[in-house]
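Chemist: Here is how the chains run, residue by residue.
Protein chains: 2
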Amino acid sequence: MVDTAPRTTQRTTPASTPASQASGAAGSEPKLDVALVERMLRGSYPEVRLQAREVAKDSRFHKVDGYSLDEQRERALEQMKVQASQGFQLRAFPKRLGGLEDAGGNLAAFEELVTADPSLQIKGGVQWGLFAAAILHLGTEYHHDTFLPDAISLKVPGAFAMTETGHGSDVASVGTTATYDPDTEEFVIDTPFRGAWKDYLGNAAKHATAATVFAQLITKGVNHGVHCFYVPIRDAETGEFLPGIGGEDDGHKGGLNGVDNGRLHFDHVRIPRTNLLNRYGDVAPDGTYTSSIDSPGRRFFTMLGTLVQGRVSLDGSTTIASALGLFIALTYASQRRQFASAVPGQEQVLLDYQRHQRRLLPRLAQTYAQYFAHDVLLNAFDDVFSGRADTDENRQNLETLAAALKPLSTWHALDTLQEAREACGGSGFLAENRLVGLRADLDVYVTFEGDNNVLLQLVGKRLLTDYAKQFKGATGVDLAKFAAAQVAGKAFNEGGIRRVGQNLRDLAGVGHGIEALKDHETQRALLQDRVDTMIAEIGAELNKVRRATPPEQAAAFNANQDQLIEASRAWGELQQWQAFTDALDGVTDAGTKTVLGWVHSLFTFTLFEKHLAWYLTHGRISARRGQAVTGYINRLLERLRPHTLDLIGAFGFEPEHVRAPIASGAEGIRQDEARAHYANLRASGEAPIDEKKTKKR
Amino acid sequence: MVDTAPRTTQRTTPASTPASQASGAAGSEPKLDVALVERMLRGSYPEVRLQAREVAKDSRFHKVDGYSLDEQRERALEQMKVQASQGFQLRAFPKRLGGLEDAGGNLAAFEELVTADPSLQIKGGVQWGLFAAAILHLGTEYHHDTFLPDAISLKVPGAFAMTETGHGSDVASVGTTATYDPDTEEFVIDTPFRGAWKDYLGNAAKHATAATVFAQLITKGVNHGVHCFYVPIRDAETGEFLPGIGGEDDGHKGGLNGVDNGRLHFDHVRIPRTNLLNRYGDVAPDGTYTSSIDSPGRRFFTMLGTLVQGRVSLDGSTTIASALGLFIALTYASQRRQFASAVPGQEQVLLDYQRHQRRLLPRLAQTYAQYFAHDVLLNAFDDVFSGRADTDENRQNLETLAAALKPLSTWHALDTLQEAREACGGSGFLAENRLVGLRADLDVYVTFEGDNNVLLQLVGKRLLTDYAKQFKGATGVDLAKFAAAQVAGKAFNEGGIRRVGQNLRDLAGVGHGIEALKDHETQRALLQDRVDTMIAEIGAELNKVRRATPPEQAAAFNANQDQLIEASRAWGELQQWQAFTDALDGVTDAGTKTVLGWVHSLFTFTLFEKHLAWYLTHGRISARRGQAVTGYINRLLERLRPHTLDLIGAFGFEPEHVRAPIASGAEGIRQDEARAHYANLRASGEAPIDEKKTKKR
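Here the protein sequences come in this chain order: A and B. For what it's worth, full-length UniProt numbering labels the leading residue of the first sequence as 1, then goes sequentially. For what it's worth, full-length UniProt numbering labels the leading residue of the second sequence as 1, then goes sequentially.
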């Protein structure tokens with residue numbers, strides 16, 4: 001493993017706070033303790049993250065733009081070899097194979113690589129987080145001894161062959177079959193039609209010599225559902241496909257072009273019986289199937305549950321990428337000037353424009369919330385995967401939380417990197433300033449490792465199940481009554497927080513209205529009530545058809561699908577809010593608490609503003625208070641403006657992580673040079689007179 | 001020019017309408033007349049568009065993915081040479097130089113090239129729409145004779161050197177100077193500091209041998225503001241910079257990598273006096289400055305007004321790109337199946353999922369609105385640029401409309417192409433399916449030819465000016481009273497449309513509420529009132545400081561900047577709505593009127609939903625009606641589902657425009673093959689039994 005290097009290098013925090021028209025007397029202002037917040041953001045794995053950040057500074061791991069497709073792919077493979085030689089990938093694996101058995105730390109380290117090159121990150125993720133992890137989690141000792149060492153060392157580059165052209169998120173329906181032949185004690189892997197080709201597989205186009213292949217296990221005429229098999233696919237010497245195996249290159253993609261994605265198909269390929277990764281299901285030499293999990297459904301979800309680490313790590317990676325994008329755009333915005341300011345002869349810094357603040361600071365607040373929420377998720381993951389608290393309930397909760405947070409943070413990254421790129425204008429479009437490249441590479445994060453909409457629907461189904469559990473044994477009429485009361489806000493108003501939802505009786509002034517919304521208990525209640533009410537509304541609709549035909553039930557579910565996904569999103573937002581609130585509650589430094597409290601408020605009020613129509617139509621926030629929300633956000637922006645550089649400084653990026661010329665301080669130097677030029681010209685008495693001024697005389 | 005080829009080729013309209021659970025008895029359903037709507041979408045230049053679409057089918061003009069930066073640039077140059085040899089670029093230019101003097105038609109043809117390759121489009125746009133157009137519009141006969149023929153023929157590839165590293169949208173503040181030297185009768189072009197380097201200039205990195213350079217014109221010690229100069233920059237033989245000229249390559253970008261963007265700087269470069277493009281301002285041999293436009297401000301805006309054609313053409317191009325993205329994603333969605341459907345043994349087509357409809361159909365409606373709005377804009381452009389109705393007022397109206405529509409349509413394209421790519425999952429991320437490439441290429445459209453936020457602020461200033469004009473001579477108190485009445489909805493409610501805004505008195509049923517919102521006059525009033533009220537609110541805020549110091553006034557303006565930009569967006573949406581409504585009013589075919597009416601409703605109600613919080617807090621729509629908006633949108637989605645393929649068919653794309661394997665029908669064939677496989681297996685009696693079924697027994 002990499003040693004912990006002392007962090008003596010210069011930090012990329014612009015030294016001087018530029019003049020701001022928004023900041024008043026800076027002396028009496030509260031001040032963020034940047035080092036303290038930086039420690040908070042490092043979460044539960046501070047040392048691992050610092051080590052990984054040191055690794056990410058190595059220029060051998062940095063993305064280079066303008067390479068051809070082949071060059072990018074070869075570079076990523078070379079980067080992985082360097083990584084493997086450094087033992088970076090060992091952390092998750094068993095101690096007897098040189099690892100540390102540190103599941104959570106492994107993800108923390110992985111996440112930090114996003115600043116170096118997402119292609120390296122994902123190509124490594126395919127090798128160690130999917131291919132080798134499948135052997136580890138779905139295989140048993142024989143597979144660990146036989147296949148895992150070469151997978152870990154990269155001697156065998158591998159593909160993770162789950163997705164098919166015709167089946168992405170619906171893994172249970174893959175068409176590839178693995179039929180057991182007791183005569184030869186082999187499985188026969190077969191692709192029965194074009195839609196069952198494995199597709200979008202990292203490493204499959206060129207580098208993989210083996211694959212973990214998901215296929216329907218058929219023995220003695222019974223289909224036992226999807227299992228995973230270890231299948232050699234290429235001759236390591238020649239790079240040619242082995243007999244019966246074929247494939248195609250997925251070619252150029254929207255990003256991540258260092259990863260060689262491709263397709264695979266199998267024509268009755270025979271593998272030994274023992275190549276079935278048999279932790280959760282096995283076939284005896286005579287073809288008898290056995291499993292420790294009796295229910296085929298639960299067995300399937302248990303096997304797929306090992307995939308949750310991908311989702312967890314994407315939540316963390318995209319949060320760091322969002323932070324990097326904001327670091328670049330906000331640094332530039334604090335130096336770049338455009339159009340005359342209120343100060344004569346001086347152009348205004350971009351960050352002093354209200355619109356510019358509006359575009360970037362709420363996204364900064366969201367990113368902060370994600371840092372805290374991600375740490376909660378990472379701990380939940382480690383609890384289960386370390387075996388420390390590996391219960392069914394914990395696994396289900398982990399999967400639900402990951403399925404809610406991964407969509408929110410991956411979409412947020414695309415949105416934030418795009419806004420950051422636009423906020424930097426033409427320079428934001430240049431590859432050298434990194435925003436476009438990061439966005440392109442992260443684009444696929446919203447549909448891989450579980451399509452975001454499908455994941456949110458999973459969360460929604462869990463919310464509906466939990467909701468229904470409350471009513472075990474209740475009649476349909478009881479249920480309808482409860483839902484009606486929930487929707488009418490009875491539960492909400494009886495929760496002791498009447499002071500917010502007084503639609504018609506709201507006679508208090510605007511200021512008072514905002515005060516009520518600033519209370520954390522009220523905020524929690526508003527966010528929680530929105531989830532509960534949306535679910536109750538959907539539950540009531542589904543309840544109406546609970547005795548109807550399956551097609552009618554399916555139609556009713558579909559008619560509420562959009563709302564269900566919105567409810568899941570609301571639930572994810574609530575988890576982020578709770579994590580941020582808990583983190584804030586733990587702060588004792590007064591200045592930090594104040595400034596971070598404003599960030600928390602900005603995050604929360606941005607949620608209220610986004611969902612204001614819902615709160616208004618449901619009578620949870622009055623029109624009068626609703627009107628004040630936007631004004632309060634604008635006041636928060638003014639307050640946060642002078643603390644912006646501190647807030648991005650706490651991300652702890654160093655120049656080797658940033659690498660964007662516009663965020664290097666060069667823009668500040670250019671602006672100073674321009675102003676000095678005009679000042680000298682005026683002083684020289686040789687400045688041309690403006691035509692307008694000649695007319696005034 | 002290219003001949004009008006008869007359109008005998010096969011159309012890319014999937015032949016069969018797939019089974020849809022949403023469509024009921026198809027026989028009695030209204031039907032869109034696809035050919036009629038296709039003609040409507042072609043707008044005022046049907047023949048020109050058909051010709052240009054034929055050109056765009058030529059594979060020599062098609063983008064190829066995976067090329068290196070150099071290869072992409074050389075290919076784009078070669079494409080332009082082919083184009084030039086075909087005379088494609090002549091349309092806008094004077095008849096005496098072989099052109100057609102068809103300003104509007106030229107843009108229509110240009111717009112259609114987006115389906116071939118945006119790099120080709122924009123590199124050509126730089127050459128003919130900016131470099132040559134500057135010579136045409138800012139120069140006089142001498143320049144037309146001397147420089148224009150080679151610019152048109154591409155003998156002289158040129159750059160349009162306006163933007164500087166330190167000044168993008170604020171062109172008036174560029175640092176480059178052109179100082180007149182009467183002794184030699186030359187201008188001296190100079191770059192005084194790094195921030196004044198010209199930057200992001202297409203053709204500047206490699207191919208341009210001349211540039212139209214914008215610089216502060218200084219003569220006799222007076223700065224007459226920004227003018228444009230013709231400056232040779234490279235030796236055509238060697239490709240080396242001429243003495244005194246230097247530059248840098250902008251390198252790899254987020255997209256449009258066929259365009260070689262670069263930087264230029266000038267060290268006291270001397271050019272003849274006559275290289276000033278002197279249509280709006282001239283310098284006599286003795287250094288005396290003259291201009292037909294007395295006001296320096298108006299002169300500047302007149303010169304920059306010639307740039308409006310870029311904005312107009314981007315509005316059209318991005319609308320076509322959005323249509324193409326939707327064509328690809330909706331075709332795929334109508335064939336691709338995922339997860340079990342209500343029909344046993346059959347998986348459900350993506351387009352039958354409510355969420356999928358929600359993601360794509362409102363964007364389809366928006367795209368339709370943009371087609372109609374763009375045609376209004378293109379006609380306004382042609383009225384001015386043909387000279388037919390070239391008045392100050394028309395120019396200003398044209399510029400305001402372009403400044404409002406270009407931001408909306410360019411953002412819409414990025415949003416739509418992204419949603420389309422996500423809706424296609426992993427296959428959407430492959431370059432071969434075109435969505436990621438189109439999005440990457442179009443990314444810069446939102447910040448070039450006028451940054452979207454800056455353009456919308458221009459619109460907002462115009463709206464404020466118009467608002468203030470109503471009150472010429474009024475006191476501050478009068479103004480405040482009027483604004484208060486406007487905000488309170490007095491103007492709105494007295495407009496005879498009381499039936500919508502009855503916040504507290506709304507006792508009618510939900511259905512009735514939606515009925516009221518379906519009336520076009522009501523829709524118009526709601527959209528118009530929102531603009532008027534937002535502007536009145538801002539006007540009232542600014543009125544409070546009208547006697548304050550300039551810094552206080554600037555601070556007040558800044559405190560309302562975000563709202564002002566939102567008001568401008570609302571104004572743009574109103575223009576789109578009006579254009580769509582007018583187009584719909586002209587339809588006589590009953591089926592078309594019905595289906596297109598639903599598209600219009602979907603567009604309008606999506607606006608109401610988006611701005612619902614505003615309408616609720618301002619009492620324009622009651623909470624009860626507000627709650628019904630989303631439900632009505634969902635009903636519209638169900639209604640439109642069976643007409644989706646007709647609606648995208650009316651875009652008139654042919655296979656050579658689409659070129660995405662997933663929209664070729666291949667997915668439908670794959671799905672049919674998979675279903676046939678399982679049907680045959682079942683029929684054979686050899687299908688494995690599902691483990692679940694063995695347990696039930």
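No lab work stands behind these hints, which were simulated from the structure alone. Keep in mind that the hints are not guaranteed to be accurate.
Some chain B residues judged to face chain A by a derived CB distance under 7 Å, without partners named [what the hints assert, rightly or not]: (1) Gly-425; (2) Ala-474; (3) Thr-475.
Using 16 Å as the maximum straight-line C-alpha spacing, the simulated EDC-like pairs for lysine to aspartate or glutamate come out as follows [claimed, not checked]: (4) B:Lys-220 with A:Asp-294; (5) A:Lys-693 with B:Glu-609; (6) B:Lys-692 with A:Glu-638; (7) A:Lys-461 with A:Asp-519; (8) A:Lys-695 with B:Asp-690; (9) B:Lys-610 with A:Asp-294; (10) A:Lys-692 with B:Glu-248; (11) A:Lys-610 with B:Glu-248; (12) A:Lys-31 with A:Glu-654; (13) B:Lys-206 with B:Glu-141; (14) A:Lys-155 with A:Asp-235; (15) A:Lys-220 with B:Asp-294; (16) B:Lys-693 with A:Asp-235.
Label pairs and their in silico Cβ distance ranges [to be verified]: (17) B:Val-64 with A:Glu-74: 43 to 49 Å; (18) A:Arg-682 with B:Lys-220: 54 to 60 Å; (19) A:Arg-682 with B:Ala-172: 44 to 50 Å; (20) B:Glu-673 with A:Pro-243: 50 to 56 Å; (21) B:Phe-339 with A:Ala-480: 50 to 56 Å; (22) B:Ser-292 with A:Arg-682: 51 to 57 Å; (23) A:Thr-475 with B:Ala-484: 39 to 45 Å.
Built from N, CA and C at the ideal position, the CB exists for glycine as well.
Chemist: All hints, please: hold or fail.
Modeler: Evaluated hints:
Contact between Gly-425 (chain B) and chain A, as hinted, is supported at the beta carbon level, the nearest pair being about 5 Å apart and thus within 7 Å. A cut of 7 Å between beta carbons decides the hint on Ala-474 (chain B): the least distance to chain A is about 26 Å, and the hint is violated. Residue-level restraint check for Thr-475 (chain B) is violated (minimum Cβ-Cβ distance to chain A is 26 Å; threshold 7 Å). Proximity of Lys-220 (chain B) to Asp-294 (chain A) is assessed by CA-CA distance (about 94 Å); at most 16 Å being required, the pair is judged violated.
Taken as a hint, the Lys-693 (chain A) and Glu-609 (chain B) pair is broken in the structure, with Cα atoms around 50 Å apart against an allowance of 16 Å. Simply put, Lys-692 (chain B) and Glu-638 (chain A) have alpha-carbon atoms about 61 Å apart, too far for the 16 Å limit, and the pair is violated. Taken as a hint, the Lys-461 (chain A) and Asp-519 (chain A) pair is broken in the structure, with Cα atoms around 31 Å apart against an allowance of 16 Å. For the hint linking Lys-695 (chain A) to Asp-690 (chain B), the alpha-carbon distance of about 90 Å lies beyond 16 Å, and the restraint is violated.
For the proposed pair Lys-610 (chain B) and Asp-294 (chain A), the alpha carbon gap of about 49 Å is over 16 Å, so the pair is violated. Between Lys-692 (chain A) and Glu-248 (chain B) the CA atoms are separated by roughly 35 Å; this puts the pair beyond 16 Å, and the hint is violated. Proximity of Lys-610 (chain A) to Glu-248 (chain B) is assessed by CA-CA distance (about 44 Å); at most 16 Å being required, the pair is judged violated. Restraint check for Lys-31 (chain A) and Glu-654 (chain A): the C-alpha separation of about 22 Å exceeds 16 Å, so the hint is violated.
Pair hint Lys-206 (chain B) plus Glu-141 (chain B) does not hold up; C-alpha atoms about 29 Å apart against a cutoff of 16 Å. Restraint check for Lys-155 (chain A) and Asp-235 (chain A): the C-alpha separation of about 13 Å stays at or below 16 Å, so the hint holds. With a CA separation close to 94 Å, the supplied pair Lys-220 (chain A) and Asp-294 (chain B) exceeds the 16 Å bound. For the suggested pair Lys-693 (chain B) and Asp-235 (chain A), the alpha carbons sit about 41 Å apart, so the restraint of at most 16 Å is broken.
Range check, Val-64 (chain B) to Glu-74 (chain A): Cβ separation about 21 Å, and the 43 to 49 Å hint is violated. Arg-682 (chain A) and Lys-220 (chain B) have their C-beta atoms about 19 Å apart, which leaves the hinted 54 to 60 Å range violated. Taken as a hint, the range 44 to 50 Å is violated for the pair Arg-682 (chain A) and Ala-172 (chain B), whose Cβ atoms sit roughly 18 Å apart. Checked against the hint of 50 to 56 Å, the pair Glu-673 (chain B) and Pro-243 (chain A) fails, with Cβ atoms roughly 24 Å apart.
For Phe-339 (chain B) and Ala-480 (chain A), the hinted distance range of 50 to 56 Å is not satisfied, since their beta carbons lie about 29 Å from each other. Between Ser-292 (chain B) and Arg-682 (chain A), the C-beta spacing of about 31 Å breaks the proposed range 51 to 57 Å. Taking the beta carbon of each, Thr-475 (chain A) and Ala-484 (chain B) are about 54 Å apart, not inside 39 to 45 Å as hinted.
Consistency note: the structure conflicts with the earlier hints numbered 2, 3, 4, 5, 6, 7, 8, 9, 10, 11, 12, 13, 15, 16, 17, 18, 19, 20, 21, 22, 23.
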